[in-house]
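Participant: Just so you know, the protein sequences line up as chains A and B, in that order.
In case it helps, our numbering puts the first sequence at residues 42 to 611.
In case it helps, our numbering puts the second sequence at residues 6 to 423.
Think of the hints as simulated: they come from the structure by calculation, not from any bench.
Bear in mind the structure is a predicted one, so any value in this text is a computation, not a measurement.
Some hints here could point you the wrong way.
[Claimed, not checked] Distance condition first, Cα-Cα at most 25 Å in a straight line; then the derived DSS-like pairs of lysine-lysine:
no. : chain 1 : residue 1 : chain 2 : residue 2
1   : A       : Lys125    : B       : Lys361
2   : B       : Lys195    : A       : Lys155
3   : A       : Lys169    : B       : Lys361
4   : A       : Lys96     : B       : Lys195
5   : B       : Lys195    : A       : Lys65
6   : B       : Lys374    : A       : Lys125
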Amino acid sequence: MATITMNNQQLEVTNEMTILEAAKAHNINIPTLCHYPDLAINSDCRICVVEIEGKRMLPTSCSTPVQDGMVIYTNSPRVLQARKTITELMLSSHDANCTACTRNMRCELQTLSKNLGIDINRFEPTYKDLPIDDNNPSLVRNMNRCIKCGRCVDVCKTVQGVHVLERMGRSNEMMIAPAFNQSLNNLICTYCGQCANVCPVGAIMEKDDTDLVWENLHNPKKRTLVQVAPAVRVAIGESFHSLDDTVPIGKLVSALKHLGFDEVYDTNFTADLTIMEEGNELIYRIQNDDVLPMMTSCCPGWINYVEQHHSDILKHISSCKSPQQMFGALAKNYYKEQENLNKEDIFVVSIMPCTAKKYEAKREEFTDQYDNPDVDVVLTTRELEKMFRQMGVDFDQLDNRDFDEPFGMTSGAAQLFGASGGVMEAALRTVTEVLSGKPLKSLDFSAVRGMDGIKEASFNLKGQEIKVAVSHSLSNAEQLIQGIKDGTSPYTFIEIMACPGGCIGGGGQPYGTDSASRLKRMETTYRVDLEKDIRKSHDNPAIKTLYDNYLQKPLSELSHHLLHTRYYPR
Amino acid sequence: MLEKRILTQRFNKYDGLSIRQYIDLDGFKALEKAFSMSSQQIIEEIKLSQLTGRGGAGFPTYIKMQAMLNETRDKYLVCNADEGEPGHFKDRHLIEKDPYQLIEGMVISAYAVGANKGYIYVRGEYNNAIQQLEKTIKIATTKGYLGNHICDSDFSFELVVRRGAGAYVCGEEFALMESIEGKPGRTRVKPPFPTEKGIFDYPTLINNVETFCNLPTIIEHGGEHYSTIGSNHAKGTKLICLSGNVKHKGLYEVPYGTSINDVISELGGGTANDIPIQMVQIGGACGPIIPPRLLNMDIDNEAFEIFDAKMGAGAIIVIDENYDLFEIVLRNMQFFLHESCGKCAPCREGHIQIVKLLQKFVNYQATHKDYVSLQSLAEVIHTTTLCGLGQTSPTSVISTMTYFKEAYDKRINQQNKE
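Could you put together the complete structure from these sequences and hints?
Facilitator: Have a look at this one:
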């Protein structure tokens with residue numbers, strides 16, 4: 042323990058703490074900007090400086106460890122002057138047209154400037170009119186707004202191991218950019234969007250497709266269908282305080298109806314369908330000595346990564362489309378036939394926690410020969426929030442409604458898709474029961490739950506020991522991939538999600554996603570599963586009906602045609 | 006004699022290549038003595054000598070070495086020969102004229118701290134120095150003073166030359182290490198310090214060329230003897246790079262405690278054409294600019310604390326009355342604007358604004374408000390930046406605001422009248 046004096050208060054703190062941590066532990070607020078809970082200490086913005094008695098310099102509290110006897114002032118005139126000056130400097134190089142920015146009123150730089158009481162900027166503007174990088178389906182980089190905090194570099198490099206973003210150039214012309222300042226679409230960007238999620242300002246954002254949705258909602262020729270991913274419903278409440286701690290599925294359906302969607306469907310339905318197809322693909326691979334381990338294919342960030350970096354293991358990837366694309370295929374084929382419509386009459390929107398899903402929907406494999414995509418537009422959780430605000434949704438005034446049929450009835454297993462380990466658990470519930478022919482005693486596969494980077498479990502399947510592994514964050518996937526390449530992988534089935542925590546921590550989720558909010562969303566996910574009457578995908582009667590009336594059986598010819606795909610080295 | 010030649014004693018006495026001649030001039034005697042001592046004994050001698058780092062910060066050398074000794078992992082040695090600070094050329098001379106002295110100093114250090122690999126990071130423009138080093142490292146390796154089993158002992162040490170690519174900031178220790186690792190030269194967050202987590206994350210002892218060059222003489226003659234040279238505050242000699250408007254520009258070695266005035270008038274022969282000195286910048290572009298009345302001060306680190314600066318690596322730049330103070334300061338700050346790595350906000354965004362403010366002074370457009378902005382900006386860059394570049398870059402602004410305040414006032418009053 043160390044005793045320090047902070048703002049004339051004596052505090053007992055542990056020796057390992059930084060000054061910032063010590064202050065936080067005692068409810069003393071030191072403003073920060075580049076600091077982010079799950080990322081390394083960058084110490085780039087210098088906003089969190091403090092004064093230490095006997096020291097001429099003002100060290101940053103985020104990087105300076107406490108020492109016994111230290112006398113610290115967090116708000117002396119020198120400190121406040123320094124913070125204000127640095128903020129003014131950052132504002133001078135920042136396109137501060139705040140009212141016309143996605144992050145208006147939710148911008149960390151704006152908040153800091155407000156809290157520091159900056160009424161006037163003494164310095165001349167220095168930002169240049171840099172071109173905006175927006176020629177990819179997922180992300181927009183507007184470097185005129187970048188304040189070079191380095192969070193995106195960190196998350197891209199250390200959390201995802203993708204290394205697309207880096208600091209380039211020097212002095213006031215230093216910018217955060219991909220190699221040689223190329224556009225993201227020329228690079229090995231997976232479009233996971235973690236950079237957009239951690240950006241404190243509006244410098245990296247998802248590509249905004251809300252206008253396109255509004256247009257089609259008001260096009261009388263179009264039948265508008267919307268699907269909502271499992272991870273969206275456990276997070277969007279954070280953006281609307283009235284929904285805190287409740288899972289507003291009924292109200293969410295209601296709000297989507299208010300936006301004007303003709304049919305509000307659940308991606309969980311096609312998550313159940315994915316389990317039927319993927320589970321049976323796994324059984325087929327096991328029984329026919331086909332390529333193992335099999336790896337999941339739901340996550341488009343992961344698919345981009347493996348196609349770009351590890352095309353030699355593509356045969357390990359399940360041929361199943363993701364739930365989003367299975368939904369798209371059903372909508373533009375099965376639904377079309379049922380409703381006697383033409384493909385171009387149907388407009389399919391997905392609400393996803395993800396920016397890579399925008400890219401996925403644009404893939405050639407998921408578009409017909411007339412350029413009609415199975416999924417027309419993908420919106421992130423944040424874009425949906427934007428639409429709700431645009432129309433002034435008041436959740437308190439909304440009633441609860443159910444998803445529409447036939448794609449509305451879902452199992453608890455499907456909800457698990459939102460959390461890391463969830464696809465694995467849902468698949469195990471089905472595969473073990475189908476193979477053993479006996480009902481499971483316990484449905485909880487707790488070994489694959491939680492926030493460990495790599496989770497392993499082994500199960501006895503009809504006397505045969507099978508091992509499975511789950512990883513999230515692409516940097517963690519690397520180890521499992523190397524095992525496959527070396528031929529030492531002991532696993533039969535591997536689930537990989539690109540984002541930390543799985544889709545609940547996706548790049549399209551509400552701003553400020555960190556380990557605490559991911560954990561909360563994960564808990565909610567398991568609670569939703571537990572509260573469901575049906576908790577196994579193969580028990581979902583709506584899925585049974587779909588097979589009986591249309592697809593016939595898992596891995597049927599029609600299933601292969603509609604629900605499976607291929608991958609290509611890139 | 007004002008000069009005391011210890012580090013430069015062999016200059017021009019041999020061609021800087023012949024190891025035979027170096028040995029004939031008592032070279033490698035210290036190394037042989039060091040091999041008869043324990044690590045702790047060597048560090049004790051350095052502690053007794055009170056040797057401090059010659060790169061500018063003046064940190065006691067033995068503390069770093071002791072910290073290294075306490076580490077058990079693989080260790081590295083790095084010699085900082087980036088010498089990018091304007092007005093400095095001492096490291097180039099040390100390398101070109103007596104490279105074996107540096108090699109000897111590095112091997113002694115490596116042996117003392119238990120490092121088996123070392124890098125010399127040389128400024129990219131120093132072609133001759135780089136070639137000289139590469140040749141002499143090869144020769145020293147053949148003769149058993151580098152490589153495996155040095156002087157038939159159990160100790161092995163490999164030395165590699167790395168060439169800088171022109172960035173000033175790579176003279177900062179962590180930026181230099183990043184550069185050696187093949188990354189862009191941008192500093193890291195401290196702590197951890199290099200002795201805990203340096204090159205490739207291993208414990209690293211990094212010293213300036215001149216610091217390493219002091220080791221042979223300390224070991225040969227003992228730390229106590231060394232500590233008799235110099236002033237009360239600083240021991241040993243200092244290489245001085247004298248330049249600017251003086252008659253005899255060049256490299257001089259003087260004991261600490263010599264006054265700046267003596268260096269300029271006795272060694273430098275005063276200003277050319279006897280135009281009065283207007284100001285002197287000490288320590289390069291990042292050093293203070295002082296008026297003639299302060300020139301009787303001694304060269305040592307303590308004395309420089311009045312400028313809230315260190316004395317730097319030994320440059321004395323004399324500027325006569327033919328020059329405009331503001332143009333000199335502006336040029337300094339334009340240099341730092343160009344050389345900032347861009348990592349931390351006050352340095353990245355601050356220098357462009359300092360330059361804009363100084364341009365107003367140069368152009369007779371500055372107001373009192375600009376003066377206040379300049380003052381607070383210089384103070385903030387100095388106190389809040391991440392590495393030594395920004396911490397020292399505004400020194401010329403801060404010192405001229407202190408010692409030439411009347412020039413600032415005059416310039417503000419002349420606003421728009423010119």
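Participant: Check whether the Cα positions of lysine 374 (chain B) and lysine 125 (chain A) lie no farther apart than 25 Å.
Facilitator: holds, 17 Å
Participant: Can you confirm whether the C-alpha distance between lysine 96 (chain A) and lysine 195 (chain B) stays at or below 25 Å?
Facilitator: Holds: lysine 96 (chain A) and lysine 195 (chain B) sit about 16 Å apart, inside 25 Å.
Participant: Next pair to validate is lysine 169 (chain A) with lysine 361 (chain B); report whether the Cα-Cα distance is within 25 Å.
Facilitator: Holds, because 16 Å separates the two Cα atoms, which is no more than 25 Å.
Participant: Between lysine 195 (chain B) and lysine 155 (chain A), is the straight-line Cα distance small enough, at 25 Å or below?
Facilitator: violated, 30 Å
Participant: Would the pair lysine 195 (chain B) and lysine 65 (chain A) pass a check requiring their Cα atoms to be no farther apart than 25 Å?
Facilitator: Holds, at about 21 Å.
Participant: Check the hint pairing lysine 125 (chain A) with lysine 361 (chain B) against an upper bound of 25 Å on the C-alpha distance.
Facilitator: holds, 19 Å
In terms of the numbered hints stated before, the structure departs from hint 2 and from no other.
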